[in-house]
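Visitor: Chains as they are written, first to last, in the working numbering: chain E, 8 to 304; chain Y, 768 to 952.
If you are wondering where the hints come from, they were derived from the structure by calculation, not from laboratory data. Any given hint might turn out to be false.
[As the list claims (entries may be wrong)] Within a straight-line C-alpha distance of at most 25 Å, the following computed DMTMM-like cross-link-like pairs (lysine to aspartate or glutamate) qualify:
id: 1; chain 1: Y; residue 1: K928; chain 2: E; residue 2: E221
id: 2; chain 1: Y; residue 1: K878; chain 2: Y; residue 2: D903
id: 3; chain 1: Y; residue 1: K885; chain 2: Y; residue 2: D858
id: 4; chain 1: E; residue 1: K261; chain 2: Y; residue 2: E859
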Amino acid sequence: MIILEFHNRIVENTVREQVMSGGADIVDVTCADFDGVTFHVSSDPAAPGFLLVSISTRCFYALQEYGVNERLRAIYGELMQAEPESSYDATLRIDLAKAPKAPGFFRKIAMLKRHVLAAPLLDTFEKIEKKTAKPDLLEIRYRDDEAFYLKPEGDRCVMIFSIHFRDMDDVIFSKVFLQAYADERKNIRGSPAVSFSQKEPPLELQGLVQASEEQGYVQFVLFPDHLHPQRRQNTVNLMLTFRNHLMYHLKCTKAAIAHSMRERVKAIIVILNRAKQSFPGDAKEKKKFGGKTFVRK
Amino acid sequence: MSQTLAPYLNCVRATLTAAICLQNFGSQLVERHNKPEVEAKDHVDPDGKPKMTSRELMLHSVVIARNKQERVLIEGSINSVRVSVGVKQADEQEVVLCRRFMRFLGQRAEKFVVLRRKAVEGYDISFLITNTHIEDMYKHKVVDFIIQFMESIDSEISQSKLHVNARARYSAKAFLEATTRDGGQ
Chain E
8 MIILEFHNRI VENTVREQVM SGGADIVDVT CADFDGVTFH VSSDPAAPGF LLVSISTRCF
68 YALQEYGVNE RLRAIYGELM QAEPESSYDA TLRIDLAKAP KAPGFFRKIA MLKRHVLAAP
128 LLDTFEKIEK KTAKPDLLEI RYRDDEAFYL KPEGDRCVMI FSIHFRDMDD VIFSKVFLQA
188 YADERKNIRG SPAVSFSQKE PPLELQGLVQ ASEEQGYVQF VLFPDHLHPQ RRQNTVNLML
248 TFRNHLMYHL KCTKAAIAHS MRERVKAIIV ILNRAKQSFP GDAKEKKKFG GKTFVRK
Chain Y
768 MSQTLAPYLN CVRATLTAAI CLQNFGSQLV ERHNKPEVEA KDHVDPDGKP KMTSRELMLH
828 SVVIARNKQE RVLIEGSINS VRVSVGVKQA DEQEVVLCRR FMRFLGQRAE KFVVLRRKAV
888 EGYDISFLIT NTHIEDMYKH KVVDFIIQFM ESIDSEISQS KLHVNARARY SAKAFLEATT
948 RDGGQ
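Chain E on its own, in the form it takes in the complex (with noise of 0.2 Å):
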C-alpha cells in the first residue's frame, strides 16, 4: 500500500457486517485511527437494531469555526444525531433494519474522520473560489504537538504541515523523502509545490511558532486546478493524509533496513563459522558394541 487508505477498515468492517447479519450480535468496538481520532462503534444499548458510531478528535472545537456539523449533517443526513454519546464529538445512528446494504454505504460511514477533518480545508477552498478568503493564517491543532495551517492566497492556498519528530534520525531521513518530493515535483506536471525546511518555520510561520530542533515543516501550494470543484476531494484526501503517509514510509524504511541488516548478519556469521576448526577427535557419530548408534549432538 503506497498510498493510505482514506477510510478506517475496522468501522467499514464492523458496520457491514453489523447491516448484512441485521444487528445479530452486540458489539462495542472502540478503535482508534491516526492523528489521535477514536472511534466507537457499538449497538445502541436503548434500542435493539440500531448501532452508533462516534467519532471524537482533539480540534473539533476548532472546527466548529468551519461548520462541520453543518457539513455533516449534509453528508449524513438523517443519520446525524443531534447530541453525540457522552466523551464523544459526533455520533451517526444507523437503522440497521433499514440501512442499504451496499459498499458504498459502509464506505461513507467509514469515512467519518475525512468529512471531520475536511471541513477546514472544503471552506477555505470555497471561500476561495468564491473569492471571499481573508488572506489569514488558519491553523487546526489536529495532534498535540503537531497542527496544519491553511494561508489563501489570491487563486491558491498555501498548506503547511509543523511535524513533530520523536526520533533524531526521523529527521534526517525524513530530509531525504521530502528532498525527493521537491524533486520528483518538477517532474509531474500538475503537482503541489512543495518545500521543507527542518528546525526553522517558514516565513508565513515566523513568530508564531518557536524554533525547535525537533520539528520540520512541509509547505504545499495548492494551484486553482487542485482547488477546482472536479478534483478537490482528491485534493483533500491526499493532504489528509500526508503526514501519516510520510511518517509511515520513513518506518516502512526503518524496518526494511532492519531486515537487510539481520540478512547481513546471518552471511556474516556464516564466513565466521568457516574459520572454525574441526578436530579429528570431534567424531559426531560413535557406533557401540551392541550394534547401535551413538550421535554426539
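Starting from the structure of chain E, add chain Y where the hints point.
Guide: For chain Y alone, kept in the frame of chain E given last:
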C-alpha cells in the same frame, strides 16, 4: 575509491597476521586470573590513576589510515589483540545508518565471538581476539573474516542508503501523481 582500497586492506591484513601471534599468559597482577592484557591496560584505580600496567606485554599500537575517517587501530599484546575500525561516513544519512548498524552488531556481539560490544573511543566498531579464539579457529581465516567484515559494512551502508532513496522517490512519485488525478470522496 577502489584504487586505494586494495592496498589499505592488504596492509591491514599483513599487520593483523603479524599481530595475531598469541599465547596463553596468566595475569601477572592477580593470582589465578587470566585476562586479555590489551583490555587490562586501560584499567584505572577508583581515584583515576592508571593501574600498574605490564608494559613489557604490549606491542606498539599501529594506526593504518586511509584518510581522516577511515582508519584501523591495532593494539597487540601477548595474549590478545584489539582491532578498532573507523568507518567512512560521507554525509548525515551515512552517519545515521552507520550508527544504527554498529549498535545492531554490538547487540549481537556474542554471536560474532570476536566482536566487542562497545567500540573503542573515536572508532565505530572493535574486535577483541584472544588466544582461546585462535586455539579454536584458523588464524588466517580470522584475519579473512575481519577484512570481509570491513568490506561488508561499507556495502551494507551504501545498500541501505539506496533503499532509503528508492523508497523516498517511489512514495513521493505515487503521492504527487495522485494529486493530479480527479475525483475523490
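Visitor: Can you name, in rising order, the numbers of the hints this structure does not satisfy?
Guide: none
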